[in-house]
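Novice: Mind docking chains B, C and D on chain A? Use the hints.
4 protein chains.
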Amino acid sequence: MTRTAVVVVDMLNPYDHDDADLLQRSVREVVRPLAGLVRQAWEREDVELIFVNDNHGDFSATREQLQHRALNGRFPQLVAPVPPPLDCAFMAKVRHSAFYGTPLEYLLRSHGVDVVVLAGQVTEQCVLYSALDAYVREFSVRVARDCVAHIHADLAEAALRLMERNIRAELLHAAHCLNH
Amino acid sequence: MTRTAVVVVDMLNPYDHDDADLLQRSVREVVRPLAGLVRQAWEREDVELIFVNDNHGDFSATREQLQHRALNGRFPQLVAPVPPPLDCAFMAKVRHSAFYGTPLEYLLRSHGVDVVVLAGQVTEQCVLYSALDAYVREFSVRVARDCVAHIHADLAEAALRLMERNIRAELLHAAHCLNH
Amino acid sequence: MTRTAVVVVDMLNPYDHDDADLLQRSVREVVRPLAGLVRQAWEREDVELIFVNDNHGDFSATREQLQHRALNGRFPQLVAPVPPPLDCAFMAKVRHSAFYGTPLEYLLRSHGVDVVVLAGQVTEQCVLYSALDAYVREFSVRVARDCVAHIHADLAEAALRLMERNIRAELLHAAHCLNH
Amino acid sequence: MTRTAVVVVDMLNPYDHDDADLLQRSVREVVRPLAGLVRQAWEREDVELIFVNDNHGDFSATREQLQHRALNGRFPQLVAPVPPPLDCAFMAKVRHSAFYGTPLEYLLRSHGVDVVVLAGQVTEQCVLYSALDAYVREFSVRVARDCVAHIHADLAEAALRLMERNIRAELLHAAHCLNH
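From first to last, the protein sequence lines stand for chains A, B, C and D.
Here the first sequence is numbered in the numbering used here, starting from 1 and rising by one per residue.
Here the second sequence is numbered in the numbering used here, starting from 1 and rising by one per residue.
Here the third sequence is numbered in the numbering used here, starting from 1 and rising by one per residue.
Here the fourth sequence is numbered in the numbering used here, starting from 1 and rising by one per residue.
Derived from the structure by calculation, the hints contain no laboratory data.
Bear in mind the structure is a predicted one, so any value in this text is a computation, not a measurement.
The reader is advised that the hints may include incorrect statements.
As the list claims (entries may be wrong) - Among chain D residues calculated to face chain C with C-beta under 7 angstroms, some are:
1) F59
2) S60
3) T62
4) R63
5) P81
6) C88
7) A89
8) V94
9) G101
10) L107
Claimed, not checked - To list a few chain C residues with every Cβ distance to chain A over 12 angstroms, as calculated:
11) Y15
12) S60
13) D87
14) G101
15) R109
16) I151
17) L178
18) N179
Claimed, not checked - Okay, the calculated bits of chain D under chain B, using three or more residues with CB under 8 angstroms as the criterion:
19) 115-128
20) 161-167
No residue lacks a Cβ here, since even glycine has one placed at the ideal position from N, Cα and C.
The following block holds chain A by itself, in its conformation from the complex (with noise of 0.2 angstroms):
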């Protein structure tokens, strides 16, 4: 049986980074579906939902901390519906990819996941980062096209033709990346 994950990515954002203003814009236009998504994803058997969130350079943060300076950041309305849910799987990365010094592939691989679903921020920069270590590592992409939102859009255009055209991702609306 394919057995799919769904990878939250960087969704605890304070947005006080370059190109806040610019993100938080797209961010606006996803966090309803992909809080669907979450919910979907959360109540399927089969199906693993499992945040990576970037520590913002700061290795003592621990979950709650993340996820506070995000609630209390400029934009608490894009980070409040979509929250990790507590018993769901949580990683701290430190660079762009997903799969960069954490656990990912190996709690992809013990769980016996085929397919990754990738949905969160930044379509052209963590989200294809991630993307493409996935298809390295010989998991199925797939892009909750709807679910990932952009600093620049011809950017994002672009990084997600790469991954259709290059790395064979599907490139799916939220309703359609749990189906098998």
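Specialist: Frame of chain A; chains B, C and D shown alone:
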């Protein structure tokens, strides 16, 4: 300038695993010198202090939960004296080596660390594997001899000999680990 | 002192894959400047020259075999001008990134390399993925713009823009890649 | 179906390093059973045979050069009986573990290997480190007890005990390593 990191392994332990009774006898001996080493490392500007702890298979566990479970485990008196300071680097690991599936290598390199001082448990398991991984990555290794605890004395002795002979680890008392 | 490595990707190619016809048109344009860059790198004491080449799924292939197959492939005139010098570092890779499953990171670090200059093929695939992996590992990235070949011009353009914008890659002509 | 790989470590050795005299005494004992294990693995359809060999710091060395240097080293009679078959998977490594900086994990996974049989040299160094890395990655480990050579008998004994106790490695005679 040589920079040093003290890596404290798996001290947040509820001691509910096989061999925990054997292990706790040895941990009793090391808690006090280890607490001293941690304090010293924490006060030194040129020393990184990093706690790396198994998540015991729970990928949703937060740092607080790992600490809470250990403090509510069978031997809180072995946990309470060596708490990770709040602002201290902390990372969960999922297998034996502190390098596998963690950002430890990235953290060490980005802080310019050359020398890794290992402390904690278990000498002949996670300490050994972490030491080998450090050596393979060209870090110099020191083992704080009075700060590492074992399950089996004979295997620990063998592991220390292997580290000393084959990866040129220095086996030093805590008092000397931070001397350059 | 900043040290530089020139990493030549996948130039030993028999061109028997899908899209090889599209690719060879672009390779024609880059062979001459690439040969110049390789020569210059090879002569410079402070520059590492490293060839990384896919094994095309054959884990028994030797360097000579990879070279032989490429020279006996469909476009030997695109292979012959850029031979890896006999004493030059050479590593087989098995997936798209030059870092995945290879000792490239180890070699770069042990030689004190800070700056990675990427050249070869394919701009929007292996060059892009290697650039991202270099960036994640904190190497500075330069792309020798006249020494990278593509399959699809539009995807290559997008890949170059992504590298320039998001990983701060410098896109330089070969003549300037080795200036510090 | 369980699939098995036999990983032969560092048998292309010119024996010009420290401790080579101690090592060669032990290698003498293992050459014959190892040649048998290699032959058997090579003939079995359900067994992967993989040679992994140190490049001894020469990143330009080809497989032929490594073999040539070993055959022209101090103990060709320890090299000649265990040549890597021409069509056999071969990978250079740069540090002690067969997994570090190599595509070994990728090869094992893409061939569906569950069980790794380790043979070669040195029991208390590369064999030990490779065994630990295999275990951390969730492969089952067997050590072909009559096919691994040591420098120091006491350290080798300790290493074998550590593998047996802590990573659940099976220590088996070559004749039984490929039984499922």
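Novice: Does each hint fit the structure? Answer for all of them.
Specialist: Against the structure, the hints:
1. F59: Because about 4 angstroms separates F59/D from the closest Cβ in chain C, which is inside the 7 angstroms limit, the hint holds.
2. S60: Check passed: Cβ of S60/D comes within 5 angstroms of chain C, closer than 7 angstroms.
3. T62: holds (5 angstroms)
4. R63: holds (4 angstroms)
5. P81: With a minimum Cβ separation of about 20 angstroms from chain C (threshold 7 angstroms), the hint on P81/D is violated.
6. C88: holds (6 angstroms)
7. A89: holds (4 angstroms)
8. V94: It holds, given that the least Cβ distance between V94/D and chain C is near 4 angstroms, below 7 angstroms.
9. G101: holds (3 angstroms)
10. L107: At about 6 angstroms, which falls below the 7 angstroms cut-off, the nearest Cβ of chain C leaves the hint on L107/D intact, so it holds.
11. Y15: holds (18 angstroms)
12. S60: The assertion about S60/C holds, with a minimum of 20 angstroms to chain A.
13. D87: holds (30 angstroms)
14. G101: violated (9 angstroms)
15. R109: holds (16 angstroms)
16. I151: Non-interface label on I151/C violated, nearest chain A Cβ at 9 angstroms vs cutoff 12 angstroms.
17. L178: holds (27 angstroms)
18. N179: holds (28 angstroms)
19. 115-128: holds (count 3)
20. 161-167: Check passed, 4 qualifying residues.
In this structure, the earlier hints numbered 5, 14, 16 are contradicted, and the remaining ones agree with it.
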